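Take the sequences, apply the hints, and build the full model.
In terms of this note's numbering, the sequence shown is residues 1 to 476.
Hints were generated in silico from the structure; no laboratory data involved.
Treat the hints loosely; a few may be bogus.
[As the list claims (entries may be wrong)] DEER-style ranges, computed between Cβ atoms:
(1) A289 x A389: 48 to 58 Å
(2) K107 x I209: 20 to 30 Å
(3) D315 x R391: 47 to 57 Å
(4) R384 x F190: 32 to 42 Å
Model, not experiment: these values are computed from the prediction.
Heads up, the beta-carbon is just placed ideally off N, CA and C, and yes, glycines get one too.
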Amino acid sequence: MQTDIPEGARAPHFWEAIISLLSLVVGISISIVLYGLDPQVPMMLGVVVASVVALRCGFAWKEIQGGMVAGIYNALPAMIILMIVGSLIGVWILAGVVPTLIFYGLKILAPEIFLPACVVICAITSLATGTSWGTTGTIGVALMGVGGGLGFPLPIVAGAVLSGAYFGDKMSPLSDTTNLAPAMAGTDLFTHIKHMSYTTSVSIGLTLIIEIVIGLQYSASSSNIERINTILTTLESTFFINPVLLLPLVLVLFVSYKKMPAIPGIALGVIAGAICAAGLQGADYNAIANVAFGGYTSGTGIEDVDSLLSRGGMDSMMYTISLIIVAMMFGGVMERTNQLKVIADKVLAAAKSTGSLIVSTVLTGIGANLILCDQYMAIVMSARSYAEAYRERGLAPENLSRAVEDSATVTANLVPWNSGGAYQAATLGVATLAYLPFNFFCWLSPLVTILFGVMGWTIWKTGDDEPREASVERNL
Numbered sequence: 001m002q003t004d005i006p007e008g009a010r011a012p013h014f015w016e017a018i019i020s021l022l023s024l025v026v027g028i029s030i031s032i033v034l035y036g037l038d039p040q041v042p043m044m045l046g047v048v049v050a051s052v053v054a055l056r057c058g059f060a061w062k063e064i065q066g067g068m069v070a071g072i073y074n075a076l077p078a079m080i081i082l083m084i085v086g087s088l089i090g091v092w093i094l095a096g097v098v099p100t101l102i103f104y105g106l107k108i109l110a111p112e113i114f115l116p117a118c119v120v121i122c123a124i125t126s127l128a129t130g131t132s133w134g135t136t137g138t139i140g141v142a143l144m145g146v147g148g149g150l151g152f153p154l155p156i157v158a159g160a161v162l163s164g165a166y167f168g169d170k171m172s173p174l175s176d177t178t179n180l181a182p183a184m185a186g187t188d189l190f191t192h193i194k195h196m197s198y199t200t201s202v203s204i205g206l207t208l209i210i211e212i213v214i215g216l217q218y219s220a221s222s223s224n225i226e227r228i229n230t231i232l233t234t235l236e237s238t239f240f241i242n243p244v245l246l247l248p249l250v251l252v253l254f255v256s257y258k259k260m261p262a263i264p265g266i267a268l269g270v271i272a273g274a275i276c277a278a279g280l281q282g283a284d285y286n287a288i289a290n291v292a293f294g295g296y297t298s299g300t301g302i303e304d305v306d307s308l309l310s311r312g313g314m315d316s317m318m319y320t321i322s323l324i325i326v327a328m329m330f331g332g333v334m335e336r337t338n339q340l341k342v343i344a345d346k347v348l349a350a351a352k353s354t355g356s357l358i359v360s361t362v363l364t365g366i367g368a369n370l371i372l373c374d375q376y377m378a379i380v381m382s383a384r385s386y387a388e389a390y391r392e393r394g395l396a397p398e399n400l401s402r403a404v405e406d407s408a409t410v411t412a413n414l415v416p417w418n419s420g421g422a423y424q425a426a427t428l429g430v431a432t433l434a435y436l437p438f439n440f441f442c443w444l445s446p447l448v449t450i451l452f453g454v455m456g457w458t459i460w461k462t463g464d465d466e467p468r469e470a471s472v473e474r475n476l
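This is the structure:
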């Protein structure tokens with residue numbers, strides 16, 4: 001996080017930084033809630049307000065513009081992944097990969113167990129590959145189709161998919177966020193994972209209980225069975241359905257497990273899908289190129305099938321990319337001109353007890369996702385802002401890394417203008433605010449961490465020979 005003040009400039013006052021923050025939050029809220037508008041324009045107004053505040057503090061325009069560019073630069077890998085995932089979805093539908101996954105999923109998964117099965121399947125996939133984005137972009141897309149075929153509302157399905165994907169992501173030693181958080185906090189990877197297991201086991205346990213209860217409300221009624229049979233028949237008559245079409249998915253999961261970077265790994269999946277489309281579905285180069293850019297359009301005449309399969313394409317991600325660009329411009333200005341640091345310092349100053357320090361860490365992680373619009377920047381900022389305070393109070397660094405991961409990592413996908421939220425909404429085809437109430441794991445995690453912090457459960461002290469529950473102050 002930016003700490004140096006250029007010559008001729010001064011640190012922003014707290015009230016100035018709050019004006020910048022409120023201009024973003026209030027502007028977006030009014031535009032979306034009252035007028036149903038897209039958030040890009042109010043977010044751009046937030047960039048303008050933050051820039052004006054920075055100019056008032058004496059920052060040169062070159063410095064402000066540098067913050068915008070740096071913010072966008074940090075998000076470039078995410079934007080490239082978005083475009084490739086869009087192509088992958090379109091090509092995999094044309095190739096029959098997604099239809100095959102939906103076909104066998106509808107045959108195997110009963111409605112009563114579908115939601116908890118979604119959580120478990122995505123959790124295992126994400127644990128093995130270390131990526132929530134890769135999990136939702138492959139297995140998640142197929143499960144959305146299966147859930148729609150079984151008659152589940154898509155926001156509920158998306159919530160189950162994301163709950164499992166983010167559980168696996170934050171607990172996998174292969175995950176970049178799981179490695180980044182302890183590195184920033186000053187602890188080692190496996191100590192961090194062990195310490196997270198206390199809070200995470202509670203969060204995922206509650207999530208599975210809720211999913212089981214919701215799933216029991218859906219049964220295989222005669223109308224549902226007829227609907228499923230219609231979908232199965234239509235898929236069989238439209239595509240060549242065969243287990244061999246699962247190979248592109250297996251390939252992507254395998255290279256992810258082997259830690260191939262996301263961009264070439266997903267691109268390899270697109271190539272494998274194109275080969276299947278040409279060899280098994282009879283598609284020519286023109287058809288493959290068209291769906292890679294413009295997405296697949298299903299014309300079976302069966303609404304359930306057409307709504308499930310008409311999606312994907314690089315072009316479908318451009319709205320999301322524009323959202324990320326504007327969001328990162330705002331976050332870049334706030335960081336470069338020290339407005340975010342001023343807010344974080346004020347929050348830290350109010351944290352007098354151990355419990356309130358952990359609450360402050362969690363709230364800062366969530367706030368950083370709202371302002372910086374990127375989970376990696378949120379992790380770095382939260383950990384750096386509080387590392388010294390944890391050391392001074394004799395708290396082991398794994399307490400900090402756990403609080404950071406239980407907030408910054410899992411809440412990024414709950415913010416519509418965050419790169420995480422924008423990606424998941426575009427990939428799963430469900431608006432962020434629509435799946436948010438059903439993404440139980442991701443909003444339970446920070447609440448459980450706060451509870452553990454306030455109650456003093458599993459709070460480890462520096463120098464403990466064996467990790468153990470320590471007595472700490474319990475009042476905020």
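Each hint, compared with the structure:
no., hint, in the structure
1, A289 x A389: 48 to 58 Å, "54 Å, holds"
2, K107 x I209: 20 to 30 Å, "27 Å, holds"
3, D315 x R391: 47 to 57 Å, "49 Å, holds"
4, R384 x F190: 32 to 42 Å, "22 Å, violated"
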